[in-house]
Amino acid sequence: MRFYETLYIVNPNFENDKLTKCQKEIETELGKTKSKIINHRIWNKKRLAYPIDKQKYGTYMLLHFEGGSLDKMTDFDTWMKLNNQILRHMTTTLNSKPEVYVEEEQKEEIKNTDDSPVDSPTIENDMGLSAEELKETKDEIIKENDLEEQTPEKEEGK
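If you count the sequence shown from 1, position 22 lands on 27 in this note's numbering, and the numbers rise without skipping.
No farther apart than 30 Å at their CA atoms in a straight line, the calculated lysine-lysine pairs in the DSSO-like style are these: (1) Lys-39 - Lys-102; (2) Lys-23 - Lys-86; (3) Lys-29 - Lys-61; (4) Lys-23 - Lys-39; (5) Lys-59 - Lys-86; (6) Lys-41 - Lys-29; (7) Lys-26 - Lys-77; (8) Lys-23 - Lys-61; (9) Lys-51 - Lys-29; (10) Lys-26 - Lys-37; (11) Lys-29 - Lys-39; (12) Lys-102 - Lys-77; (13) Lys-29 - Lys-77; (14) Lys-41 - Lys-51; (15) Lys-50 - Lys-61; (16) Lys-86 - Lys-51; (17) Lys-102 - Lys-37; (18) Lys-51 - Lys-102; (19) Lys-41 - Lys-86; (20) Lys-37 - Lys-23; (21) Lys-59 - Lys-26; (22) Lys-26 - Lys-86; (23) Lys-77 - Lys-37; (24) Lys-41 - Lys-23; (25) Lys-29 - Lys-86; (26) Lys-41 - Lys-102; (27) Lys-86 - Lys-50; (28) Lys-86 - Lys-61; (29) Lys-50 - Lys-23; (30) Lys-50 - Lys-26; (31) Lys-39 - Lys-26; (32) Lys-102 - Lys-86; (33) Lys-37 - Lys-50; (34) Lys-86 - Lys-39; (35) Lys-102 - Lys-29; (36) Lys-41 - Lys-26.
With beta-carbon atoms standing in for the labels, derived distance ranges: (37) Asp-22 - Glu-104: 20 to 30 Å; (38) Met-6 - Leu-53: 28 to 38 Å; (39) Asp-144 - Gln-90: 44 to 54 Å; (40) Glu-145 - Lys-41: 49 to 59 Å.
What the hints contain is simulated information worked out from the structure, not anything from laboratory work.
We treat Cβ as the ideally placed atom computed from N, Cα and C, and that holds for glycine.
Let the sequences and hints guide you as you build the complete structure.
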């Protein structure tokens with residue numbers, strides 16, 4: 006079997022109801038190709054490289070599926086081009102089967118359901134500082150900024 010990935014962009018002004026309706030419509034059209042959907046999710050809203058249909062932003066949608074009839078795939082591609090809800094789309098062939106997408110909230114629930122005790126979380130930034138060290142550094146910067154504002158600037162040329 007062949008595996009495909011379709012990335013398409015829809016109008017960024019669509020609400021969740023309209024987005025799910027658009028997803029269902031695409032899934033039914035893809036069903037005509039006898040393909041099996043693996044993942045279909047809203048990826049994110051992002052700024053477009055250039056305006057499309059007077060839109061500067063777009064909502065990116067990602068669709069992974071297991072291919073069906075190749076003859077019907079061209080019909081699906083044509084349907085995607087003619088659909089007014091879709092600004093742009095691109096379908097590529099994948100070398101291997103994509104993993105099933107699990108949202109972050111569900112992953113956290115799975116991690117917390119094991120029997121190991123849950124310690125209090127320590128927040129660390131990119132530099133590896135703990136939350137307390139980060140707060141101390143922030144306080145030091147604020148104090149330095151306050152001192153700079155309080156010291157009068159030297160007048161030159163008197």
